[in-house]
Amino acid sequence: MMERVENGSKPGVRMAEKPEGYEGTGFFATSLEKVVGMARKNSIWPLPFATSCCGIEFMATMGAHYDLARFGSERLSFSPRQADLLMVMGTIAKKMGPVLRQVYEQMAEPRWVLSVGACASSGGIFDTYSVLQGIDRIIPVDVYVPGCPPRPEQIIDGIIKIQHLVETESLRRRDSQEYKAMLNKFGIE
Amino acid sequence: MEFSAEDKVINTLKEKYEGDVLHIESPYNFLTITLKKERIVEIIKYLYSHPETGFKYLTSIGGVHYPELNQIAVVYQLHNLIANLRVRLKIYLPVENPVTETITSIFAGANWMERETYDFYGVNFIGHPNLKRILNVDDMIIFPMRKEYPLEDQTREDKNDSMFGR
Chain A
1 MMERVENGSK PGVRMAEKPE GYEGTGFFAT SLEKVVGMAR KNSIWPLPFA
51 TSCCGIEFMA TMGAHYDLAR FGSERLSFSP RQADLLMVMG TIAKKMGPVL
101 RQVYEQMAEP RWVLSVGACA SSGGIFDTYS VLQGIDRIIP VDVYVPGCPP
151 RPEQIIDGII KIQHLVETES LRRRDSQEYK AMLNKFGIE
Chain B
1 MEFSAEDKVI NTLKEKYEGD VLHIESPYNF LTITLKKERI VEIIKYLYSH
51 PETGFKYLTS IGGVHYPELN QIAVVYQLHN LIANLRVRLK IYLPVENPVT
101 ETITSIFAGA NWMERETYDF YGVNFIGHPN LKRILNVDDM IIFPMRKEYP
151 LEDQTREDKN DSMFGR
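Protein chains in written order, with my numbering: chain A, 1 to 189; chain B, 1 to 166.
So here's chain B without its partners, still in its complex pose:
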């Protein structure tokens, strides 16, 4: 039986980390694997070094805030440049204390991506060499991409309801 490239990734992952896989889907033909948060660094290292997967390039790290679940997802996008294969890994952290380990030991390029995720979502990456804000002003006290904070600047005076007939 011939396996598709995606199946190979899934099978390679399940060989060793079957118990960590929570959910597998392919929205817009993009393989997305939801994992338990505990062993994410180990799994990324495994997918990096295994010859069958070979995800040696980190495209991006980002965050998603799900207020209805009261959770923050951290999304990793990995790329196998030789086979042109991509995968998205997703872990969920509680909003009250979003903590996970850094992957800067595997990808040096994760440094700024994790700083950005910290800057906008407040995710604490344990072991990160320099976890501070990267884009926003240093004295900002909120994590602006979390949905509990209003998008608009609250100090603006020229946009009151009477101007919009409300």
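Just chain A, with the same shape it has in the complex:
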């Protein structure tokens, strides 16, 4: 993203694009939803729930080379209360299931979930009595990243897909009956 940008921005820094709107001397008008979406999209605080090798890939994703900070997500939140995005990376044993669910329930709305890797998404190779066969059995998942483990590029691709969801989500979605019904299917609230 190191490119020279015209119109007043600092060289080497690319700002978020402004949403569609009406512009005149000294004013800019657009819908609140678009502004909120833009702000949220570029400041997602992820909560890493890393249990195995996918967590190692995530560490590389956060490191200087791949640098998730470029997408506004350099601030990891180790408290679910302040997190926007739950990143589940690794095998979730059945005994870990209630813990993961509690972490999800402690997150404030709006919240998103990214399931990284085969194990979190489907149980992966661990088709066995002790492993949860996909976290979507206990919590809703927004984006799945396949791979065993996925490369950092794939995790970043998942983050970009989450960003798209965050940007375009209606501000009223979380109040809708459909959303509540979806949560109720998982026995949440």
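Just so you know, these hints were derived from the structure itself, not from any lab.
You may find that some hints are simply not true.
[Stated by the list, open to error] A few chain B residues that face chain A, going by a derived Cβ cut-off under 8 Å, partial list only:
| hint | residue |
| --- | --- |
| 1 | Lys132 |
| 2 | Ile134 |
| 3 | Val137 |
| 4 | Pro144 |
| 5 | Arg146 |
| 6 | Glu148 |
| 7 | Asp153 |
| 8 | Asn160 |
| 9 | Ser162 |
[As the list claims (entries may be wrong)] Calculated cross-link-like contacts (lysine-lysine; reagent style DSS-like; alpha-carbon spacing at most 27 Å):
| hint | chain 1 | residue 1 | chain 2 | residue 2 |
| --- | --- | --- | --- | --- |
| 10 | A | Lys94 | B | Lys132 |
| 11 | A | Lys34 | A | Lys18 |
| 12 | B | Lys159 | A | Lys185 |
| 13 | A | Lys95 | B | Lys159 |
| 14 | B | Lys159 | B | Lys132 |
| 15 | A | Lys94 | B | Lys159 |
| 16 | A | Lys94 | B | Lys147 |
| 17 | B | Lys8 | A | Lys95 |
| 18 | B | Lys45 | B | Lys132 |
| 19 | B | Lys147 | A | Lys95 |
[Stated by the list, open to error] Computed far set for chain A versus chain B, every beta-carbon distance over 12 Å:
| hint | residue |
| --- | --- |
| 20 | Tyr22 |
| 21 | Gly24 |
| 22 | Glu33 |
| 23 | Lys34 |
| 24 | Thr51 |
| 25 | Leu76 |
| 26 | Phe78 |
| 27 | Gln102 |
| 28 | Asp127 |
| 29 | Val131 |
| 30 | Leu132 |
| 31 | Arg151 |
| 32 | Ser176 |
| 33 | Leu183 |
| 34 | Phe186 |
| 35 | Ile188 |
Cβ atoms here follow ideal geometry from the backbone N, Cα and C, with glycine treated the same way.
Since the structure of chain A is provided, determine the placement of chain B on it from the hints.
Just chain B now, with coordinates in the frame of chain A:
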């Protein structure tokens, strides 16, 4: 005549518990003694305190399910740390009611090992201070390492035969 270390263990055991020994073998040079189940605690205590054997360290306790025999074996591995001598003791219990006594009175470390054996094989150790599941979820209703239970998770939906050309 010079006795090997293994022979000494066998002779010491047979001095007092000849009638309890069912079978002796040494697979992969590991002395393995199959015993009757009734007096196992007494025998382990004897091997612990006898100067000739001195098995004062419990390496592990585990289980084996033999579906063809309809039995569950409990396997004890003991270690004499001074002489670097090891022995494996094996008792067989019926699958319908696998009950034996705890050895936590001899080895405090047997506590978690027996809990694990209970967790995976359902072996009931009489006198154990806290016999409940240790690794699996508390509400599990099966003993998963018994061979009557399928290894794979039966609720998985994405692995049907058509995907594997069957």
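Hints versus structure:
no.: 1; hint: Lys132; verdict: violated (14 Å)
no.: 2; hint: Ile134; verdict: violated (11 Å)
no.: 3; hint: Val137; verdict: holds (5 Å)
no.: 4; hint: Pro144; verdict: holds (5 Å)
no.: 5; hint: Arg146; verdict: violated (11 Å)
no.: 6; hint: Glu148; verdict: violated (13 Å)
no.: 7; hint: Asp153; verdict: holds (5 Å)
no.: 8; hint: Asn160; verdict: violated (12 Å)
no.: 9; hint: Ser162; verdict: violated (17 Å)
no.: 10; hint: A/Lys94 with B/Lys132; verdict: holds (17 Å)
no.: 11; hint: A/Lys34 with A/Lys18; verdict: holds (9 Å)
no.: 12; hint: B/Lys159 with A/Lys185; verdict: holds (24 Å)
no.: 13; hint: A/Lys95 with B/Lys159; verdict: holds (23 Å)
no.: 14; hint: B/Lys159 with B/Lys132; verdict: violated (33 Å)
no.: 15; hint: A/Lys94 with B/Lys159; verdict: holds (19 Å)
no.: 16; hint: A/Lys94 with B/Lys147; verdict: holds (20 Å)
no.: 17; hint: B/Lys8 with A/Lys95; verdict: violated (46 Å)
no.: 18; hint: B/Lys45 with B/Lys132; verdict: holds (25 Å)
no.: 19; hint: B/Lys147 with A/Lys95; verdict: holds (22 Å)
no.: 20; hint: Tyr22; verdict: holds (49 Å)
no.: 21; hint: Gly24; verdict: holds (55 Å)
no.: 22; hint: Glu33; verdict: holds (36 Å)
no.: 23; hint: Lys34; verdict: holds (38 Å)
no.: 24; hint: Thr51; verdict: holds (16 Å)
no.: 25; hint: Leu76; verdict: holds (29 Å)
no.: 26; hint: Phe78; verdict: holds (26 Å)
no.: 27; hint: Gln102; verdict: holds (15 Å)
no.: 28; hint: Asp127; verdict: violated (5 Å)
no.: 29; hint: Val131; verdict: violated (7 Å)
no.: 30; hint: Leu132; verdict: violated (9 Å)
no.: 31; hint: Arg151; verdict: holds (22 Å)
no.: 32; hint: Ser176; verdict: holds (28 Å)
no.: 33; hint: Leu183; verdict: holds (21 Å)
no.: 34; hint: Phe186; verdict: holds (16 Å)
no.: 35; hint: Ile188; verdict: holds (19 Å)
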